[in-house]
Amino acid sequence: MRFGLIAAGVLLLGLLSPAAAQETGPVTADSWGLRNERIQILEEAQDARQQERNELAVEILEDGITRYPEFIPFYRQLGELYEEKELYRLASDEYRRGLARAPEDNGLLSGLSRAQGYLGEDERAYELLVRLHELNPDDPGVISDLGWSCFKTFRLEEGIKLLEEAVKAHPDDEALYMTLGTLHSGAYHYQASRKAYLQSIALALDSGYRSFLAVAYYNLSLLEHDFSHYERALEYSTKSLEYGDRSAGYIARGELYMSRLDYRTASAEFLKAYTDDSTPLALVSRAELFLEFGLLDKALALVRDVQERDDGAWMYRFGTDRLRHQLVLQGLLGEIYTAMSRRESRYPQTGLARLRSMAGELLYSLRGWYHRLRMRKLQERVARLNGEKGNRLEAAVRFYEAAVPYRSLARGYLETSQRLETALIPDSRRFYILEEGILEKDPALLRKAVTEFDDPWESRYRAEALGHWLLLLDPSARREAYIEGVDQLYRLNPGLFLRREIAFPLEVAGAPPGPALRVLRRAGFLPLIAPETGPETGPGAPRFMLFFSSDGFCRLTDRDTDKTLFSKDFTAGNRRQQRAAAAELCRELTDRLFLLE
Amino acid sequence: MPFFKSRNSLFSAAHFFLLFIYQRQLSGILSLPLLFVLFSLSLLVALGLERSGLRLVWVLLAHGALLGGIYLAAIPLFQLLAAVNDELPLLLALIWEGTFLPALPFLILFALFSVIRIRHPRCGRVEILLMLVCWTLLFWNQGDYGARLFGHPTGTGAAAFLFVLLVLGLLSLIQRDSGRKSRGETVACGRDSSSTARKKPWRTAQGWPGSGRRALLWLLPLLLLAAVFLLGRYREGAVVQSGGLVKPTLFRFDFSDYVKLETEIAMNNDLVLLVKRRGGSAHLIRRYVLGGYERRKGFYREKAPGERAVIDKIPDGRRLYPDPGYEGRSVTEQEYFLINFDPGSLLAMNYPVEAVSLTNWEGSSFLKNYRVTSRTIELPLWDIAEWQPDQAGKNALSPAAREFYTRWSGDPRIRELARELTSGIPGYYDRVMTILYHLKENYYYSLKPGVAADGNQLNHFLFENKRGYCSYFAFSMALLCRSLGIPARVAVGFFIDPASAVMGVYPVRADMAHAWVEVFFGPYGWIEFDPTSERMAPGESAEWGQVDGGEYRRYVEEILQNEYAPSPGIGHSTEPGEGGAEAWYRRIAGSVKGLARFWYLILPLCYVFLLLARRLLFRFRLRTPDPRRRLLLLLREALTLAAAAGRERRRSESLLEWARRLRRGGGPDPLSLAELGEAALYAPAFQTGEYRRGVNAFHRFRADLAGTSRLQSLRLLLSPRLFRRVRL
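Heads up: the sequence lines are chains A and B, in that order.
Per our numbering, the first sequence runs over residues 1 to 597.
Per our numbering, the second sequence runs over residues 1 to 728.
Treat the hints with care, as some may be off.
To be verified - Restricting the straight-line Cα-Cα distance to at most 16 Å, the calculated cross-link-like pairs of lysine to aspartate or glutamate (EDC-like) are:
#1 A:161 / A:138
#2 A:441 / A:474
#3 A:85 / B:558
#4 A:377 / B:558
#5 A:389 / B:87
If you're looking for bench data, these hints aren't it; they were derived computationally from the structure.
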């Protein structure tokens, strides 16, 4: 990608080019004077821009246009001025105004395509770049930009073909290789993409182009992550940060740690990314992290914050667009609200507060449904767009995600995507086992997925598979396996118990007061009464024990560490007070057991 | 079908209107055409079940089960289409799910309403009440203080107006039906209303004459209550959300005439307006000055005796204001582009000397554009530091004004604090600055100042918790100054962030509403001081909103793309010339121009008022004691109504001929009324008894005219021919 680096000096150099001379006409004494005057106007405008007196610069240029409407550099500079101030509509207008007089001006075409790209008009930007490419078939910069535009508009095959030919003609152009790598990665061509990225890195290392290297290593890291080569992904993202302190590099690293379910490191990486991020991507990643670990209110606040940002110009430089960005946000909102509705039961209430809690649960679940549906509708649109451009795998994956609640429809899409993807990436098989297990509610497949995922890099998916598996398991019939599964899941991500209705086993010893067991069950715990001979030991024994002493105290013990996590006075009078005390106990248990400090 | 008689159809229209509002709320997933199809289907199913004679509970269960069945059966049906196109079933399923499931509760509810109404026509009134509840709930989230349901508040207003019209229409029909019932007629409200009426006499509702009017009597206050409820919530929320300074006007915002010290406020970062500034460095935009002070009320808007009022309205054309000639000021030109602020309210930097209304372009996003030239103080203020109040000079305050601006609470603690702070400081300016820095450095900014135990929020701030937002700081500084005899007042408006401009255009958000202090400095005029601390209270974080770049830049582009110039308005004027007939004319013309923008609301409203006025006039004239004149009035009204319904009297026809023609045609029969009319016209004597017969004949004729078809009743209500004069 080559854009956004137009220095004011470049424009002046452009004036001395043959094209500029042509614009100003044959060189006579008068025309020299005329040209000097035009250049003087341009210089004045540039001076004003350098002094941040942009309104004055606009006035000077507008005046210049009025006096010399045929002089194209005025339009170019005015367009660039607006572009610099991120006023892309105005920039587009100026470029268009210039193009009306010089329809084949490279600078204007390039500027207009950029401005359109920033405005999210990717198709229009593509058309302009095609026109520019027709005028400059051998310009590697134009080819690279067109390749990027192909990636943005799902024309992967077309882009790959274009870039493959271009790298033959320009074997030393690192940018062409990087764009080629990006296009291959979009088409799931791992080897070809990796090769292209490594080639671009090798060329950039020769030229010492550090900022380029930072981007190239970042892209390579994303590729390795997508293809489950996590160690390499981490290595490349670290290298990317060595070459340039970019927020995207921290995000890439944070996502790797999130996949390991390493909350603290991931959180620290996302925070570093956030401090210097001009995009909302760091916020989205943080929201995803909070959601993963059950910190739902924080996640919701972040997503709402991102939603309020209407500015989508940053997307031009990233492999996303307004549709896909919205899709991510709707998906997150759907997950957050659904989790919030499930969380309500983990915090049992009594009396009027219980009614409020029930209403809240209903409201959250309705909101969750609404946002999930919106997400699925957007998935369907993205799938169709991909399908129209021949990206069958991407289309099938998206169609599947949109069709998940309709099992028979989803099955077809899942089969198609599995067939296409495993042919390209055999390693992706385990993800399909998980998806099939979830879709078919098949415990055997889910259990298989748990064992197949990489430890520790794919902990997130292992936890996901375990969570779904536990939901299908009958704890009374397979108590030992259930408790072992819960233990495993708890070690991976305790926050998942807030998001899923997985009964959490607790050994209850002593003399629990009347309603305590019922309230515990309502709060999603699985109270297992300890035998009178004493607490259980061995593989079928839950990790946590809740002991109700006869003097009215209640104690939660972690048998792994042999530590008392908390003790609480549980003396309550009548049955209503006992219920209220039990509900309060459950709320504290939930906080203590599932929420991160 | 009898169901499609006017009343039931209007109820169904009201139901669908509510569904339409609902669709606006969930436009991301609800498809309006499918919603309409589902609504019609649900209604037909409900009517079919009603005809089966099942009990209500079974009708409901069967209705729910049938709709559920239709929902479930559709997905496999869509799948059959997979043979044609493998993407189509998913698309259809998503649209189906997204529309059907959210609409289902409403479909069942409205089916229930329809069935109950057919079986128990009197329940229509309760239904209206329930619909109003639904309507209030659907509009509830407009308490987001932006009224965004229709993209533009006018749309929301129009929707609300339309719904009220629908409700009034329903009420008028109920009134008409009640009127008929009271005359022993049957009303075609459903399949068997007449037959059931024969079986169960109570259903004919012989009693309760004038029920429509009674319904109006309780429904209109309810409507009013709902509106007050919504607006109250809107207003309360908006004031608190906007830093306790701003109040909502009709779907817009403006500053309050007085400022209350709230115990907790929130901020929203909606864009309110844009300002383009040329020259100067002032950053406080003033809306009002609050000069008056009362202990219980706080600072409020009032000018000192003999003082000229601060300019607060945007003029129509160009307006020059007298320049007091304050020293040390420079010219700052500002252009304001109002997005969500009362379009009549003038905001300007201190001190405005000229205001010009600017033209607005076609399709503009701005409510109003205007330009102000102000003479602003430029920092630093070295000269005023030397000034002492005992120095004579121009622009001195009159004794009455000085007394007014040094009026304070009389609380000795405040004066003690002020004296303690300024003891040993002789300079006027230095004393002001000492107070300013005392507040800035020893107090915290907080959105949650807390509740004062004794209700005195200001003292709680000054002497106890030392946390507050801008109004607390401004009140405190103004009172501390006043307690020392330094004339001070509170100003409210917005601040602008000097670093936020793009191409000289500054964004102003709702959370930039601010209060500060103006202190009087003789020849330099009123100088602004901002005592608000920049230190956040411990435990609170400053979550200052940021302007959404996309939205802001779109507005900036719009300003730069469009041409605007001083509006021709009513012409050039200066403030001293204001007053008299010219000013009145200007004001009226301005108001008319403002109102003209809402012609699509105002015209129908005017028409409804004209209809009402005509009706009232008719009733008023009927109060005459002469039975002959009263009957002739009735006869004239009958002829007018007949003309509105397309059964007018021909030029050559006599009254009796006209009546006989209608009778022969099998339509409404005005013969007895016409005969009585002839008697009233030509008989030597006309008695009250005959008039009473005439009244009955008139009512019968009117009911017959209205009852022939739904279209007829509408024509009878709304036809412009009602305003035509008929001959007798």
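For this structure, which hints from the list above don't hold up?
4
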